[in-house]
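Residue-level listing of the chains:
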Amino acid sequence: MENGQKDIVLLKGNEVVAKAAIRYGYDGFFGYPITPQSEVLETLAADKPWETTGMVVLQAESELASINMLYGAGCTGKLAFTSSSSPGIALMQEGLSYMAGNELPGVIVSVGRGGPGLGTIQPGQADYFQAVYGGGNGDYNIIVLAPNSVQEMADCMGKAAELTFKWRMPVIVLSDGVLGQMMEKVELPPYRPRRTDEEIAKQCPWATNGIGLKNRKYNFMSTLEFDPQVMEDRNQKMAAKYRQVEAEEVDYELYKVDDDTEYLIVAYGISSRISMKAIDLLRETGVKIGMLRPKTLWPFPNKILGQLSERIKSILCVEQCEGQMINDVRLATEGQATVFHSGRSGGMVSSPMEIIEDFKSMARERMSNNWPKGYWMK
Amino acid sequence: MLTKEQLITPENKIYGKPTLMNETPMHYCPGCSHGVVHKLVAEIIEEMGMEEDTIAICPVGCAVFAYRYVDVDWIEASHGRAPACASAVKRLWPNKLVFTYQGDGDMACIGTGETIHALNRGENIAMIFINNAIYGMTGGQMAPTTLMGMKTATCPYGRQADLHGYPLHITDLAVNLEGTCYVTRQAVNTEHP
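Respectively, the protein sequence lines represent chains Y and Z.
Here the numbering used here is used: the first residue of the first sequence is 28, the next is one more, and so on.
Here the numbering used here is used: the first residue of the second sequence is 8, the next is one more, and so on.
Isolated chain Z (complex conformation) (with noise of 0.2 Å):
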């Protein structure tokens, strides 16, 4: 029988695990999408040689412990402020690639005013915005950017607007600051078309 060496060849390789990826197992639930950003995320800084220069900021949520998994320098933010810690980063590290890694709860809730400020002000920093519509962490309450019926731990019932009101459109938002550069939607749960 061949073993896994003599299987994997360069000749034959034509996908690999980023190598700022390391072997810690992920904390993350099945089927979470986390893994997939976290590697797309490690693929562009090995792609950009930037390895040594990137500053990454993780939430309070599920992302916490997003250091664990990608062999970069992480600095974690408390909870919704990692948009203000990366700003200043930034300014005093012109040089460096430094972004942001937030979930709905942090990005769009308890940091909103930070997430609004730091776009407006053009802030040189990538901000990565994971919206899974719930607080994972804590177990699946409700998000600002819970759906409309959808339900939550703390809306069994689904959501409703005389109750909750809307879920918050931050990325819309976002669209519409001056300082923004670009803002993009994607879905990683799914292929690309």
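One chain only, chain Y, in its complex shape (with noise of 0.2 Å):
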């Protein structure tokens, strides 16, 4: 293992997180067992890496513990992450506000399943609200991440990291069963050394570590305020933040989107993946149909959704549940365009054909409109 060395495998995605989060110089992992996921934790321990980079690996009793071991490191200027899925997310809610309450850095990795409840094992993307509007109490936002491919798993590791110290909030990498459990072509990053103590005191004074206590006053990281003018100065100072986040991170991109696209899928993660087959299908028919793909969820691409909507007015939401990122969509849109929805759910996956179908229903609901016969199909 040399600084600076590239490889090239092939890869599960969880396997794919932990190799990352090793080589981007993580100082630690806190996670517990569950399916889709459980290969984050087994790889971490296949490779030792307190053996090399000296970062520690827990596995903790709960998702509960877990949460707050990560809210412990991200209180001392540590670099962690934890990674779980749907109904183990759940229990780290209340971690999560607390982390966003005092501003600390922290990376959880979402491998999303079929729910409500316990759900299914196999994949979904119903986590969507639990990730961007989160269950956690108060007013708070967490940047949300959304990877649709093996190698975007282990670049969100890295874009995380800065992330969540830049801005000192927690990042959440919120991918899917299908991405977390499937094979593809990686190019793994360099091995980058963890942050020294000294780096870390200086990159975060903020932080409960002790270091340089005498010749300071001490730190402590609380939420508890009975003050309530205290209170709304705090939220409004992160409030602040987050319109600055807004402005700053927002990541997309778009595929086959053109001055003459007539219809758009928005779709993250799997989903963008299985809309491209199904838009490289409808563009064979002459079908001018292109996508965006948010690469943020939170913030959300809503500039460049309000732009096309301008022109697009029919947009198909694709996702693997009932419709939750169509809500975003709508908002975006802001009524300009009729947003449909196409996806499956409970752990069933969309195949490009279901997809296909979806639009012709759409296409034939605008032509009932009395939009020009064929238009969709020249």
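No lab work stands behind these hints: they were computed from the structure.
No residue lacks a Cβ here, since even glycine has one placed at the ideal position from N, Cα and C.
Incorrect hints may have been included.
Label-pair distances were calculated between CB atoms; the ranges are [said to hold, decoys possible]:
id: 1; chain 1: Y; residue 1: Q86; chain 2: Z; residue 2: C162; range: 37 to 45 Å
id: 2; chain 1: Y; residue 1: K268; chain 2: Z; residue 2: V43; range: 37 to 45 Å
id: 3; chain 1: Z; residue 1: T197; chain 2: Y; residue 2: Q263; range: 47 to 55 Å
Two chains, each in its own frame: build the complex with the hints.
Here is the structure:
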């Protein structure tokens, strides 16, 4: 193992998360086994990073413990992550609220499955609300990154590490059971050394790690405040930060969107990969269809979607649930376009042909509203 | 008349407040022993010269504001999760003195799972457990440690086994866990014999 070394491997998304975290210089992992993401902890246990980079790996007694371990790590300025799946992420919501309230760094990998409740162990995207709107109490936001390939699972670990310290807020990497379990060719990032104590002290003067205490006032992490005015001031400061994140960190990809595009698919994660196939097939028949893929779900690409909806009047939102992101798509288009849902749920996953069928229904609907006949089929 | 400075001279001084204890007035109720324990903790950190190498974890409960009184870096954990938080902190900062400071509601009720598993993993942390047998901060409700027959706001007729079950002896449990290194039980409201 040498610094600067690149490796090309064929691995599962979950395995890549573990290997990328070691290489990006993460200080710790705290997690609890849950399908379909258990390979993250298994890979870490097999690779024993504590013997090489010094990264701490600990299997917690529950997701409650995992997220509070991550909270402790964040308080002291360390770069740590946890990973889990739908019901486990549900248990972490209180901890996420505390982390956001104390403006702490920390990365959470969420590998979604079908729900609600225990649900299924098959892939799902029914945790959009959970990640983007959260279940923790209070006014807070969390940055949500949405990879759509095994390569992006690796890349997101690096991006999340950067963003979580830049903005001092938790970052969720929202993946799904397909991305977690499927194998693809990946270029792993070069090894980056973990930060030294001195570097942590310089980067995180707010951290509660005791460093330099003789020359400063003590630091503390607390979300409790009895004075409502102080609490409001704190909330407004955080809200200003969130507005700044919305202005600076939106990330998306346009697929086959040009000046002539008449129909738009909006999809993230695995749905975007399936949609690409559907788009390719539809384009072969002459349909002018493209896709907007949000790479950040919060902040959501409202601006570009608003601009596109000024000229594209029919939008198909593809997601593997009964319709969650569709709400944000409708908000972004502000009524300028009609937004339709396409997707399976509960662990079932759309095929490209099912998306094409949903597209046809959308197009028929459009035609029934006296749009020109044969509009989509030339 | 002699001033305070004239009276208190180094040669006269036989006892002083630890320098880590600051001047912030305590919010604890009169007669509560938190102040005594805070002082003992501060004394020990000073004695060990660990001021820059201490990370303290406070709970939810009366000691939620412990960070106000002892000048070391403090983390306020969510209710019951201090042992989990401390486990991560100690593993990431193995050379630091890491301890939790928790009440009975925090450690022996909502956080029983975290307590038992941190102990059983043999985490290299100290846990200071302040047991007053009730939930003090919320106004004296029944705790898992409330004694049989003891009256509280949520058992005004006294704790009864058929209604409320039995007091949880968490320290006795801790003794029986293989990962636990040392357990001691002390009273701070009476003079040491």
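To see whether the hints hold, each was checked on the structure:
no. : hint                        : result
1   : Y:Q86 / Z:C162: 37 to 45 Å  : 38 Å, holds
2   : Y:K268 / Z:V43: 37 to 45 Å  : 41 Å, holds
3   : Z:T197 / Y:Q263: 47 to 55 Å : 49 Å, holds
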